[in-house]
Amino acid sequence: MNHAFIDRYSRLDSPLHKRSPATKILGVSVCLIALLFVIPLLNPPQIWAGLLIYSAIMVLITLSSSVPFSFLLSRSALVLPFSVLIVFVNYVSGNFSFAQMIETTVKSLLSIFTLLLLTSTTPFHEILKQLSRWGTPRLFIIILSFMYRYFFLLMGEIEALERAVHMRHSSVSGWKRIRVYTNMIGMLLVRSYERAEHVYQAMQMRGFTGDFP
Amino acid sequence: MSQLSVKGLSYTYSDGVPALKGLDFQLETGSRTALVGPNGAGKTSLLLAIAGLLQTQGEILINHAPLTAKNADSLREHMSFVFQNPDEMLFMPTVIEDVCFGLDTLGLDDKMALERGQAALSQVSLEGYEQRSAHHLSYGERRKVCIATALARRSDITLFDEPSRELDPYGRRNFIDLFHKMTGTMILATHDLELVLETCTQMILLDEGQIIKMGKPDEILGDVQLMESHKLEVPHSLTRHPHSH
Amino acid sequence: MSQLSVKGLSYTYSDGVPALKGLDFQLETGSRTALVGPNGAGKTSLLLAIAGLLQTQGEILINHAPLTAKNADSLREHMSFVFQNPDEMLFMPTVIEDVCFGLDTLGLDDKMALERGQAALSQVSLEGYEQRSAHHLSYGERRKVCIATALARRSDITLFDEPSRELDPYGRRNFIDLFHKMTGTMILATHDLELVLETCTQMILLDEGQIIKMGKPDEILGDVQLMESHKLEVPHSLTRHPHSH
Amino acid sequence: MHIPDGFLNTPVTLATAGVSGLTLVYSLKKVNQSIRPEQIPLLGLLASFVFMIQLFSFPIGIGTSIHLTGALLISILVGPLAGFLIMTISLFALALLFQHGGMLSLGANILNMGVVGCFLGYGIYRFIPGRRASLIVAGLLSGVVSASFCALELALSGMLDLSSAFATMLLIYGITGTIEGVASMFILEFLKKIKPELLESTA
Ligand SMILES: Nc1ncnc2c1ncn2[C@@H]1O[C@H](COP(=O)(O)OP(=O)(O)OP(=O)(O)O)[C@@H](O)[C@H]1O
Ligand SMILES: Nc1ncnc2c1ncn2[C@@H]1O[C@H](COP(=O)(O)OP(=O)(O)OP(=O)(O)O)[C@@H](O)[C@H]1O
Ligand SMILES: [Mg+2]
Ligand SMILES: [Mg+2]
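Protein chains in written order, with this note's numbering: chain A, 1 to 213; chain B, 214 to 458; chain C, 459 to 703; chain D, 704 to 906.
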């Protein structure tokens, strides 16, 4: 798992990156509602036209964002196993026509693509700040902020744990492996809990009083 | 004027290990004090206590005001702490965000905070590291970022826990220069006894959670018997020129 | 006979930082090599590469067998590694479990493993710490536990990344003694140049991911110009007695 | 199983969002009343933990993979209300940052994993005596109920022929749920030994 890729391109500099988070969040919401609620209301030929226009808009937005297409496409493709499974089962059982099969798959790809455009052009904490301005409860936002910060910590802990185990335990197998792994998860929880306590102390030392900047 | 005064300070960890056993001492405003003692002596615990991060017994007075759970937050505005483990201090996505974290609570606006942060980074020769993530640095580089966070705060009291660890000799020398340039009261816990001689005007020898001796660094560190009975060594520069002062 | 041979070794971190740039060297069986260089030189990365923990370019031969993703596991059975950060090594609930972890894959039964573990703990003077949890120790104590894990394994190749830094002077001296008593090939990355002089017979000077020089420690470390151009310092004991050898 | 966007129809999307939204409002209010400031970092950490274990999925062939949800474990650690809050937050972040599950189908995913996992799972755990047995039954049943909800939502949206795929899904999620119960059991026992404070910090 490559955790460096979390909101990876969000700090680039492009016209889209410069837009206010509010505009982008609202824009994405409108797009998703149009894609998932409005387009399906149309009749078949119009649906195809709708999807085509939608895709064209996405391409234009992407071009103004300097986020590489290859990244957006490969991340969007993560949804394929699920879509293909569902769609395929429906097709085989005769529930879906070929057109429906394609339509559903394309819709699921496009919705992910849309969301990716938001997270690749807006740093996560900017999104949080905006949600907070719109009145999202403080507790929700604070837990989310802590979650985001501790995520990197946890990933670091996991990487370290894996290295440490590899270094001293080459050939774990079978039952022993399960024991080693549950032990690791438990220890991960305990250690990251203690790490989190210490990090919280470090935050306190630097004037953290409960609100993230 | 005494800036920090500690009376009957004790602390026992939740698993029953007594780390501090009734400490008493006073530090003047602007003094530079080294905290020396073998592994497990209680140095880190003492620093954590002074920062109000442990629920201790006894009394800690900062500028004559007792440190309590209530006012700890506001007293900490005047303190900085460089932890022994850099990984426990660095939690923001980028180096510059880490260095600037909390500067706003000191009343600085974003622009001023950024300037201070950048100045601090260049003081530890980490220009150009602003946008990297701290957990993707070498350990020595992480340590320097931690030192920069303290520099940027310009506090009345600064606590250093083993700051020279992992620094290369040039970085260590640079730290010594910075230390001399910094203002305020400073407490420095370390095993680097040469560093003590070069930076501090007084020292506290700690062992098993108790103060063994408080006094001038060269006198305490030069005492062969005292050193050996507490798992320490007379530093090189004192043995080569005995009684040169 | 050369136990470790490295050819054209390069590594770039995923965020684009080149840490190792085409290294070539060979180490004989039983040799003791110091790895010295400023912060960010690539010492830790080189040790991780030798342990097969990074996906590097170039070739690493251990006992003339190339290190690959496939055989890394089995080659590591003959290696130990003391990481730069003790917290990244210790993950079991108790100290003794940590020290004994993995000894079974070396073919020891539980009783033998326990005996070895206990012997290793007493070598680093941590008798009585068996049942404590490593993450509740002082940093120096944690470091000693890490050293004990390596002692217990008795490997052909042992890698040490800054083992002496959190140790008190007595612990450091004790480590030097242990180092001399250990058998096998050892590589030691450190900023403690006095330690290099006391433990190693050869050294590699590394900077910016490249080998600057490989040779005898006192010759390299005594070269004022070379040292200063790589952010290092001639150690005390070489300046005080110039050319005493 | 995180349902992506594009598979649920409008009525199902709105209905599930409504149920999850109301539960969220209620639990936010309750947790806000009882929480102490120093517990907030712990909730953040657990959210991160849930976030992460959901990312580690094991492929089981035919394009599907399974993962644990962590709902049962955290509900026992911090109580079902705070547990639900944590689940909601992680699912939101997973959708936003890792595209695991869609944004508009978030309501459905919170219902399947959060509401069922936290409230039903925790309820069964408290109801059945005997720690080990109760954990396994709680895991098994909340896995099966989660899967049924998921299948029902898809079926109501015309995406699933209930008769054909239903049995397979129940089987897979029954097994996943049981693994979840067993893993929770091991981890809780481990925590009790190493860090009992963590078990006492119930919010
Ligand atoms: N979190 C903890 N839980 C329980 N005991 C602890 C904890 N941290 C430290 N101790 C114990 O408290 C004592 C003092 O530890 P402390 O970390 O203050 O020592 P130190 O002087 O900083 O040592 P070092 O030079 O190794 O950093 C030691 O005996 C240690 O084992
Ligand atoms: N995880 C990482 N991701 C990206 N870059 C890294 C990572 N770890 C180290 N680096 C970079 O690689 C280079 C070499 O780092 P390395 O840790 O090998 O240095 P080092 O010689 O061990 O330094 P130190 O003396 O500070 O421990 C440095 O420039 C560092 O910033
Ligand atoms: Mg300490
Ligand atoms: Mg290093």
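No lab work stands behind these hints: they were computed from the structure. Wrong hints could be hidden among the right ones.
Stated by the list, open to error - Okay, derived cross-link-like pairs now, DSBU-like style, lysine-lysine, Cα gap no bigger than 35 Å in a straight line:
| no. | chain 1 | residue 1 | chain 2 | residue 2 |
| --- | --- | --- | --- | --- |
| 1 | D | Lys-733 | B | Lys-283 |
| 2 | B | Lys-324 | A | Lys-129 |
| 3 | C | Lys-569 | D | Lys-733 |
| 4 | D | Lys-895 | B | Lys-234 |
| 5 | A | Lys-129 | D | Lys-732 |
| 6 | B | Lys-234 | D | Lys-896 |
| 7 | A | Lys-129 | B | Lys-283 |
Stated by the list, open to error - Coverage of chain D stretches by chain A, computed from C-beta distances (three or more under 8 Å per stretch; other residues unrestricted):
| no. | segment |
| --- | --- |
| 8 | 710-720 |
| 9 | 810-823 |
| 10 | 827-840 |
| 11 | 844-858 |
| 12 | 880-894 |
Because the structure is a prediction, the values reported are computed rather than measured. C-beta: ideal position from N, C-alpha, C; glycine also.
Here's how the hints hold up against the structure:
Straight-line distance between C-alpha atoms of D/Lys-733 and B/Lys-283 comes to about 26 Å, which keeps the hinted pair within the 35 Å bound. With a CA separation close to 19 Å, the supplied pair B/Lys-324 and A/Lys-129 stays within the 35 Å bound. Taken as a hint, the C/Lys-569 and D/Lys-733 pair is broken in the structure, with Cα atoms around 53 Å apart against an allowance of 35 Å. Between the alpha carbons of D/Lys-895 and B/Lys-234 the distance comes to roughly 30 Å, so the proposed pair stays at or under 35 Å and holds.
In summary, the hint linking A/Lys-129 to D/Lys-732 is supported, as the alpha carbons are separated by about 21 Å, within the 35 Å threshold. Distance check on the hinted pair: B/Lys-234 and D/Lys-896 sit about 28 Å apart at the alpha-carbon level, within 35 Å; holds. In summary, the hint linking A/Lys-129 to B/Lys-283 is supported, as the alpha carbons are separated by about 29 Å, within the 35 Å threshold. Evaluation of the coverage hint for the segment 710-720 of chain D: fulfilled, as 4 residues show C-beta separations to chain A shorter than 8 Å, against a requirement of three.
Counting residues of the segment 810-823 of chain D whose beta carbon lies closer than 8 Å to any beta carbon of chain A gives 0, which falls short of the minimum of three for the stated coverage. Residue count for the segment 827-840 of chain D with a Cβ under 8 Å from a Cβ of chain A: 0. That is fewer than the three needed, and the coverage hint is violated. Note: the segment 844-858 of chain D has 1 residues with beta-carbon separation from chain A under 8 Å; the three-residue rule is not met and the coverage is violated. With a cut-off of 8 Å between beta carbons, the segment 880-894 of chain D has 5 residues touching chain A; three or more are needed, and the interface restraint holds.
Checked against the numbered hints listed earlier, the structure breaks hints 3, 9, 10 and 11; every other hint is satisfied.
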